[in-house]
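J.: Full structure from sequences and hints, please.
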Amino acid sequence: MENFKLTNFFTIKGISAASGLVYSQNVLFVISDSSNFLYQYDIDKKLLLKFPLVKDAKENIEKAEKSDLESITQYGNQLIMLGSGSTQKRNTMFTLDLGSDALQTQDLTALYQNLKTVGSFSGDQLNIEGAIYAHQTMLLFQRGNSKNSRNGIFIIPNNQEDGIRFVPISLPTLDDIETTFTDAILVNDKIYFLACAENTESTYEDGEVLGTVLGIMHAPTFEIIDIHLLSEDKKFEGITLYKESETEIEFLLCEDNDTETLETTIYQLTLKK
85 MENFKLTNFF TIKGISAASG LVYSQNVLFV ISDSSNFLYQ YDIDKKLLLK FPLVKDAKEN
145 IEKAEKSDLE SITQYGNQLI MLGSGSTQKR NTMFTLDLGS DALQTQDLTA LYQNLKTVGS
205 FSGDQLNIEG AIYAHQTMLL FQRGNSKNSR NGIFIIPNNQ EDGIRFVPIS LPTLDDIETT
265 FTDAILVNDK IYFLACAENT ESTYEDGEVL GTVLGIMHAP TFEIIDIHLL SEDKKFEGIT
325 LYKESETEIE FLLCEDNDTE TLETTIYQLT LKK
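In this note's numbering, the protein residues as written are 85 to 357.
Derived by calculation from the structure, the hints in this document are not laboratory data. Accuracy of the hints is not assured; some may be wrong.
[To be verified] Keeping only pairs whose Cα atoms sit at most 25 Å apart, straight-line, the calculated PhoX-like set for lysine-lysine is:
{"#": "1", "residue 1": "K173", "residue 2": "K274"}
{"#": "2", "residue 1": "K319", "residue 2": "K89"}
{"#": "3", "residue 1": "K327", "residue 2": "K274"}
{"#": "4", "residue 1": "K356", "residue 2": "K89"}
[Stated by the list, open to error] Pair ranges (Cβ atoms, derived):
{"#": "5", "residue 1": "K274", "residue 2": "Q352", "range": "40 to 46 Å"}
{"#": "6", "residue 1": "T91", "residue 2": "L132", "range": "36 to 42 Å"}
{"#": "7", "residue 1": "G183", "residue 2": "H219", "range": "19 to 25 Å"}
{"#": "8", "residue 1": "V138", "residue 2": "Q244", "range": "32 to 38 Å"}
{"#": "9", "residue 1": "F94", "residue 2": "T331", "range": "20 to 26 Å"}
{"#": "10", "residue 1": "D128", "residue 2": "N92", "range": "39 to 45 Å"}
{"#": "11", "residue 1": "Q352", "residue 2": "I311", "range": "16 to 22 Å"}
{"#": "12", "residue 1": "L132", "residue 2": "S206", "range": "36 to 42 Å"}
{"#": "13", "residue 1": "F94", "residue 2": "A141", "range": "21 to 27 Å"}
{"#": "14", "residue 1": "D181", "residue 2": "N110", "range": "18 to 24 Å"}
{"#": "15", "residue 1": "T354", "residue 2": "D128", "range": "17 to 23 Å"}
{"#": "16", "residue 1": "Q244", "residue 2": "K139", "range": "37 to 43 Å"}
Beta carbons are placed, not taken as given, at the ideal position from N, Cα and C, and that holds for glycine.
T.: Pasting the structure below:
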């Protein structure tokens, strides 16, 4: 018997292709890989606000032009959002100060090129899908879903002169296809990550979804200590901590259903400790 429970929590109208989320003080911040907005959803009021990240921000941007925001993480009062790096147009980082609403934009082209060199990736293999910032270090989760690519974690210290490292990670398979990272968060000394199996050899084109697993990793060593099959047909792309007690830990998940419908379902995942 599985020691988790996965339920539909609520639906947000006005967001498509949700790719990451952060929960804070009963507000859910959501990014989409086909939009230039940061979405802010007040759970109690059921109110959705949109924060433009670029001038003339758009939704349902055509694939060749989109920023492909796949990673969102919170550090203190800052929300950090990153493009996947899978094309030249996807190399931007946005940082939003939640206190002042001050928005900063940074071009990560040079850093992403360095990541390709460190990880021995060719031009179209880089695909950053999750980010964690802790202990003066950024962890970026590489989704190895292109041909000959690899799953792994880039370790980027604040002082990059100390050296960037890439740690390959072997993930479980579904229907003989290796799952690939879609998001990750840090809770205490554990990394909780999502990984999806998709029948594609491209970082660009979507394929048949074969399921999503939740993995638990010992943060200091990246050793995988537990795996749970969450779904055989859903592509979960975002995870955030919702509640924690002595016996249970609760997460909120978002799903990228690869459609242009402006609606996203938020799922509640309860895991016994």
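J.: Does each hint hold? Answer for all of them.
T.: Evaluation of the provided hints:
A hinted pair counts as satisfied when its Cα atoms are at most 25 Å apart, and K173 with K274 does not qualify at roughly 33 Å. A hinted pair counts as satisfied when its Cα atoms are at most 25 Å apart, and K319 with K89 qualifies at roughly 17 Å. A distance of roughly 15 Å separates the Cα atoms of K327 and K274; the hinted pair therefore holds under the 25 Å criterion. Taking the CA atoms of K356 and K89, the gap is about 9 Å. The hint holds against a cut of 25 Å.
Distance hint for K274 and Q352: a CB-CB separation of about 19 Å, inconsistent with the stated range 40 to 46 Å. Under the hint 36 to 42 Å, the C-beta atoms of T91 and L132, about 21 Å apart, miss the expected range. For the pair G183 and H219, the beta carbons lie near 23 Å from each other, so the given range of 19 to 25 Å is met. Judged by the Cβ atoms, the range 32 to 38 Å given for V138 and Q244 is violated: they are separated by roughly 26 Å.
For the hinted restraint 20 to 26 Å between F94 and T331, the CB-CB distance of approximately 24 Å keeps it satisfied. Evaluation of the 39 to 45 Å hint for D128 and N92 yields a failure: the beta carbon distance comes to about 18 Å. The hint said 16 to 22 Å for the Cβ distance between Q352 and I311, and at roughly 20 Å that hint holds. At about 39 Å, the CB distance of L132 to S206 agrees with the hint of 36 to 42 Å.
At roughly 24 Å, the beta carbons of F94 and A141 sit within the given window of 21 to 27 Å. Distance hint check for D181 and N110: the Cβ-Cβ separation is about 20 Å, which falls inside the suggested range of 18 to 24 Å. A hinted range of 17 to 23 Å for the beta carbons of T354 and D128 is consistent with their spacing of about 20 Å. The hint said 37 to 43 Å for the Cβ distance between Q244 and K139, and at roughly 30 Å that hint is violated.
Checked against the numbered hints listed earlier, the structure breaks hints 1, 5, 6, 8, 10 and 16; every other hint is satisfied.
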